[in-house]
Amino acid sequence: MRQFDLTPYRRSAIGFDRLFDMLEASSRQTATENYPPFNLERVADNHYRITIAVAGFSRDEIEITAQQNLLLVKGKKDEQATNASAFLHLGIANRSFERRFELADFVRVDDARLNDGLLTVDLVREVPEAMKPKTIAIKSGAPLTAIEGGTAEAA
668 MRQFDLTPYR RSAIGFDRLF DMLEASSRQT ATENYPPFNL ERVADNHYRI TIAVAGFSRD
728 EIEITAQQNL LLVKGKKDEQ ATNASAFLHL GIANRSFERR FELADFVRVD DARLNDGLLT
788 VDLVREVPEA MKPKTIAIKS GAPLTAIEGG TAEAA
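In terms of the working numbering, the sequence shown opens at residue 668 and continues consecutively.
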């Protein structure tokens, strides 16, 4: 992947530091960081789903941590159980992993389930009422004048 110089944008865009840091970090990641494979899908307008292929992992070996704007999924395989058997061919990847997902503001984890080797994490974006657009009612009549003593007087 090509490296982009975001310096000109950093000088003129205020408040976008986190976005630029995220873009630079993702461009530094190597192509070998593709285990375990996953799908991202939009289920509805404000509902998303991450499906991660974790064949061979149990619920006890997977840890999901949700922080502000970050979802971290870790899988820790017990090395002793793997070494106890004498495999002739080891084709199912059972190595430990750590997957990071950057979350937008107001996105929270709604549910997580492990079924048939697939870990499904449902996400919901809930914008607070104060942040949602409001329709302003248009009134008729004379405009208000300066406020005196806590009440407005009509002109």
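It should be emphasised that the hints constitute simulated quantities derived from the structure, not laboratory data. A couple of the hints might just be wrong.
Label-pair restraints from in silico Cβ distances [unchecked claim]: (1) VAL776 to ALA809: 46 to 56 Å; (2) VAL710 to GLU769: 11 to 21 Å; (3) GLU769 to SER807: 11 to 21 Å; (4) ASN782 to THR732: 16 to 26 Å; (5) ASN736 to PHE671: 41 to 51 Å.
Don't be surprised by glycine CBs; every beta carbon is placed ideally from N, CA and C.
For each hint, the structure was consulted:
1. The hinted range of 46 to 56 Å is satisfied by VAL776 and ALA809, whose Cβ atoms lie roughly 52 Å apart.
2. Between VAL710 and GLU769 the beta carbons are some 19 Å apart, a value that agrees with the proposed interval 11 to 21 Å.
3. The beta-carbon spacing between GLU769 and SER807, approximately 48 Å, falls outside the hinted interval of 11 to 21 Å.
4. The hint said 16 to 26 Å for the Cβ distance between ASN782 and THR732, and at roughly 21 Å that hint holds.
5. For the hinted restraint 41 to 51 Å between ASN736 and PHE671, the CB-CB distance of approximately 22 Å leaves it violated.
Checked against the numbered hints above, the structure breaks hints 3 and 5 and satisfies the rest.
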